[in-house]
Amino acid sequence: MAKRVSASNVTAYYGGFKAIENINLTVEPKTVTALIGPSGCGKSTFLRSINRMHEVLPGARVEGSLTIDDQDIYDRDVDVTAVRRTIGMVFQRPNPFPTMSIFENVVAGLKLNGVRKKSILEDAAEKALRAANLWGEVKDRLGKPGAGLSGGQQQRLCIARTIAVEPQVVLMDEPCSALDPISTLAIEDLMFQLKDKFTIIIVTHNMQQAARVSDRTAFFSIEKTGDPGRLIEYDNTQKIFSNPSVKKTEDYITGRFG
Amino acid sequence: MGDTPHRSADAGTGGTRVTQSHEWPAGASARVAEAPVSTRSPGGTGLGGGGALPRSRRFGAERAFRGLTLAAGTAVLVIIAAIAIFLVVKAVPALHANTENFWSYEGWSPNETEPKFGIGALAFGTVLSSALALLMAVPVALGIALYLSHYAPRRLGTALGFLIDLLAAVPSVVFGLWGRDVFSSPVRDFSVWLNQHFGWIPLFGGDGPFGASVMLGALVLAIMVLPIITSLSREVFLQTPTANEEAALALGATRWEMLRTAVLPYGRPGIIAAMMLGLGRALGETIALALTLGITFGISFNLIQNGGNTIAANIANAFGEANETGRGALIASGLVLFAITLIVNITARAIIYRRREFTESAA
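So the sequence lines, in the order shown, correspond to chains A and B. Just so we're on the same page, our numbering is the position in the first sequence counted from 1, plus 12. Just so we're on the same page, our numbering is the position in the second sequence counted from 1, plus 24.
Since the hints were made in silico from the structure, they are not lab data. A virtual CB, placed ideally from N, CA and C, is assigned to each residue, including glycine. Keep in mind that the hints are not guaranteed to be accurate.
To be verified - Partial chain B-side listing against chain A, Cβ under 8 Å, derived: (1) ASN268; (2) GLU270; (3) LEU275; (4) THR278; (5) PRO289; (6) ALA340; (7) GLY344.
To be verified - Cβ-Cβ distance ranges computed for the label pairs, FRET-style: (8) PHE89(B) <-> ASP91(A): 55 to 63 Å; (9) ASP208(A) <-> LEU191(B): 55 to 63 Å; (10) ARG90(B) <-> LYS123(A): 44 to 52 Å; (11) ALA176(B) <-> ASP201(A): 42 to 50 Å; (12) LEU94(B) <-> ARG153(A): 39 to 47 Å.
Next up, chain B with everything else stripped away, as it sits in the complex (with noise of 0.2 Å):
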């Protein structure tokens, strides 16, 4: 493109004298024609004009940004893959003491002399504890999202969206102990009321005590993914075209309908990066839920009843007093948990490229 007026500017000087023009250009014209050329190469010997083009440049910023960024990139690999190292190489040893069937196993004693310990009932309590956190902080979330983004005044969402980001920034031991200390006895309440009136459920049964139970820690876990769920939702349901906000009113929709027609389908890869995102935090929560569940060894659906455990809570509690094998243990527990985390990115994603065609198009 650049080189096209330039050559005409040559031709402009004067046709024999076309070679010449570079050592001692004569009119003015052609200076003034050349011009935008000689920002190119501001070397300003070579100002372009016929001549050789400037070679390019073997180093220079382009390629030491590309250095960094891919450096960057593969730091993100190393890291992990160090840590998958590190985890395997200190859970082996644990594992090949233990004398019990890791998965099966219902308890964590593996500071004995013939150390036991099983994975099944903290993997099964974490699963149960996060899906039941992500089950009551969705809906309030993505309501949350809609009411903010457009049932809200401007200015009033603005104020609320910086309230909900503030949630996200309370350290998880305050939400921990104010589980423990003031949540639980509403909780305790309410569970007795469950277990009175629809005790017939197995998931309301048992004969207490009630309180500290997988309900309480998913309670207190769906108000601490709520404000990742929310803003992000709402970060997406903001940039949905006004356009085809405008096409599903025109067609006759109210304004839900809108929002389901438009707004929804438009914000689905995000809400779901949204959900697993909160569920990746709500898996590896430590603190709060080593305060409020009541730690017990057992698989069981019951939900108001003490009990509960999780692997990133037990990693937790049992940490300072565990021997040798004891964190050989514990890390094997990381390292399954590790594993739980990496299912479900992958089914997030599996969830996301399966509608690629319509997504893509969507950008």
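Okay, chain A solo, but in the shape it has when bound (with noise of 0.2 Å):
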């Protein structure tokens, strides 16, 4: 299930604007890699990048390679519908789809694959939900629409919504800034249960969060504003944050650095 994701050189830009440079980095299956650094550094652009959804905004392209398992997703003959079922992504704010019920959102990218037939989605449905620890507080009301759930319920519905469709690798772009403490640890519990399953990177802003959940932690900081975002230090989230081999991650992680 899970795949190893390597990038290398990748460079982005949106228009004329290169928003991050020279980016090199691997991300073993099955682990969790946060991608922490101050605002504008390009987290997100690499992370966007990684299941090509930067190129979606108008003017923006990428250059480099970036695999996974040894199948660069920028080839020319890639599909880029595959590359974003392969590689799923959830987003910072809840984004169920409005005009459908719990039970519709979760199967959305199955029925989007083709699949018809009522017992798989329904199956589908409850793995997923209950991969997300969603499914007991749902199963009573799948029929209701999904944008009436708590904000918290809603992020876990679109982690639901994601992982149904079985992806290798999950793209999470700070899926806790929206949500209250307690929703929080549950989205953290969840992340430590589904990396059993999938390859797991994470954008936050939450340094305590990168500490928590995740196995390496990759540094991402720009020079000053309108220069590329570069990657510092990319090492075990222990040593990262207990003694980092860069000045610079040591001023950020201890808040010398904004």
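Reassemble the complex: the two chains are provided individually, in unrelated frames, and hints are given to aid placement.
Below, the structure written as structure tokens:
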């Protein structure tokens, strides 16, 4: 299920603006990797280039090579929708489809893949909702609108929707920044369970969260506004938070650098 | 909320002198602390500060505005009621004078000494031509709207949107004349072709002449309602939250699947509203149909033979020569049109209302 993600010399642009430059990093299967760094340092841009969501924006493009298990996802022959099915994404703000019920939300990805049989969809929905720790809360109201759930539940619904299509890699772009501490804890617990099956890469502004959930941490930073973001240090989370080898990382995690 | 700071400021001026502090505010610190309060009561004398709260004003902009909006809301009801009463009062005498069944008689001669007129054919023609126009216009309009909102480069989209809005500003008589003098000949040729190859379908049967038909009228109507439906649906499609579009794309949707998953369901109430506005315009359209239709008084599903008529077109054609009963008969037909429009609107509301649980949480 889980696959290795490696980036080599990844550079991403928004039109003429270079947002990240020469990112090299390898993420092992079945681990949680946290991307941390100040705002505007390109963490999210890098994350979005891993499942080719970056290029959705007008004028945005990526250079360099990104592979999952040695297959280049930016290869000319690769189907971009297949890439996104293999590498799922959870967004910063919960974004369930407002016109769909809870059930329809969870199986939306499967339906896009042409699964029509009701029994298969029902099984998959239950499995995904259980995996997202949401089944108990919603099993009696699967027909109700997904947007009627609380923020934390909506985010878990979005996670269920993402893992229902059984991706290899799950990307999370600050998945807890719009949630209260209890919902945040629920999602962090969930990440622990999910890493048995998936490779997880998470962008977070919360350094305690990075320390709690991740096995490896990548620290991104920029020299000054307008410069491209670079990968400063990438190591085991414990090492990054106890004994970072780069001064800049230490400044950031101890709060001496904004 | 605003009370808390100045109370504590009073406390700060000194325990025993709290009550005096209003008459001669002693400390500069107190004045500074009270400054934000003064903005709330611009009268000047009552600087708040523990005194009685200012009384709410009985007459003011708030109340006046509420009255204005209430009056505007009431005016709508009054106008509609007035129209309905006018139509009924004028129509009843003519309906009494009618010597045939108003609902089933196929013909319109209310100016004779024995007035004969029936609404059946006209109502049928109105609904048929409008429905046909909508059937042709909606797919095209939605296609244009999706293209403008999600496929076209932004600049091109804006420019084309502007052009389409211009189409809505063309007077309907221009459409009518264009339909009668220019568009009718290709439609006639096409009708002949349809008749030759698909004449076995009753819709395209008949022996001619062809051209000034329901088909021509409906095509002209379709062009006329196109801009309304297009620009409204485009507006709605543009409002789809980016987060939902990205969610669909991140699940591996193609562009079209993304539109189907996120954009179209989100825009559904808006599309229905746009269709109803278009249908409203088509049902009430007068001069363009009076110029393009063949004007007959029979119920027929034949789309390509000369013929067809609608309530509004009939009013335009017959009003000039109508006598007292004739005008009453036309007004009665107007009342029926009023009722048809009402039913269409209620149906649309019902469709939107049925899914309110989902659309409300979307807002």
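Exercise. Can you list which hints this structure breaks, lowest number first?
Worked result: Of the numbered hints, 6 and 7 do not hold.
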